[in-house]
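Kindly generate the complete structure, drawing on both the sequences and the hints.
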Amino acid sequence: MPNRGRRAVPAHGAPRDSLPVHGARGQGARGRHDDECTGCDRECGCRRARRRRTRVAAHAGPRLGAARVKPVPFTYVRAESVEQAVDALRAHGGEAKLLAGGQSLVPALNMRLARPSVLVDLNRVPGLDRIDEENGGIRIGALVRQSAAERAQLVHERCPLLAKSLPLVGHFVTRNRGTIGGSIAHADAAAELPLALVALAGSVITTLRTIPAADFFVGHFTTALADDELVVASTWPRARSGEGSAFGEFAPRHGDFALASAACVLRVENGAVAEARLAVGSVTDRPELLDVEPLLGRPLDDDGVRSLGTAAAAAVDPPPNLHGSPRYRRALLGTLVERALRTAWARATETPS
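So the mapping is simple: the working numbering equals the position in the sequence shown, first residue as 1, plus 790.
To be clear, the hints were calculated from the coordinates, so they are not data collected in a lab. Nothing here was measured: the structure is a model prediction, and the numbers come from that model. Possibly wrong hints are sitting among the right ones.
What the hints assert, rightly or not - Pairwise CB distance ranges (calculated): (1) Pro-1116 <-> Gln-943: 38 to 48 Å; (2) Phe-1047 <-> Ala-1104: 17 to 27 Å; (3) Gln-874 <-> Arg-905: 22 to 32 Å; (4) Asn-913 <-> Tyr-1118: 34 to 44 Å; (5) Thr-1100 <-> Arg-999: 31 to 41 Å; (6) Pro-1042 <-> Ala-991: 22 to 32 Å; (7) Thr-1012 <-> Pro-957: 22 to 32 Å; (8) Asp-1092 <-> Leu-998: 44 to 54 Å; (9) Pro-1042 <-> Ala-881: 36 to 46 Å.
Said to hold, decoys possible - The calculated lysine to aspartate or glutamate pairs, modelled on EDC-like cross-linking and capped at a C-alpha distance of 20 Å, are: (10) Lys-954 <-> Glu-923; (11) Lys-954 <-> Asp-922; (12) Lys-954 <-> Glu-1140.
C-beta: ideal position from N, C-alpha, C; glycine also.
This is how it looks when you write it as structure tokens:
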């Protein structure tokens, strides 16, 4: 006898719940009937909810245009020579930006942190992608990719400190595009290459002059370059006999910006420190050289190492960030300085095999 007091639900009708309680999963006959989870108290025999129809925009064209892309609109100039690049800089002054590898500039453009009216592409300029021997050291063109320098035998033979610092620059993917000159000109206070260049007493060659590295970096993202001046190369001194070097940094993950970093070069003669350079980064607005006078003329001992590590931590006032307080970053720096000193001394005094 049928129940005439209740309206029957069709055998395969969809549930009358206005909204599903749970999102559909694995819908269809081959999905193990997981779509039935949206039927609440009427799950058995229910079909899956009907797909909502979407209307394709009739006229997408008016929504497109330069105002809708991520960077602000700019004029693109592809320089075919250094002279053309300089002419573009002179014509537009501070409104122009140079594009080399683009690993720092392009994200800044997309986030509109950089808003140039003109972008000058250097990638077609010949002669800036060479690594050459010069005065016993090496000269690296501004467009040399970081990965190319990392693999270069000349870099490993002549400049061990640079060879040690390159694998720490970002990730291998960014090093395939990022350039040596771009990292130097960008002047990020946490970057590895500016720190290594200062520690080695290297130089930056521009279209107008040669600038010692210690004078080139003025502040965070700020250099001594004029508006119509660009970096064409950098020079890295050759490691000498009895010299040892070390580079160390601490970052939350490989490729992250370092919370503290240190680079050291020692030359040992007759069992004593004859020359020393110690530079620190990430905790200041530019790579800074520390006073190493107390180390000179005597062997490196634990007291000297600890004393200089303590002095380095006291000499800086890093800002706080998400990963560390100023106190924590100072402590990191002290430890990195001590490690760099000990490692450089060990390499300078090791007996060649």
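(request) Of all the hints given earlier, name the ones this structure violates by number, lowest first. (result) none
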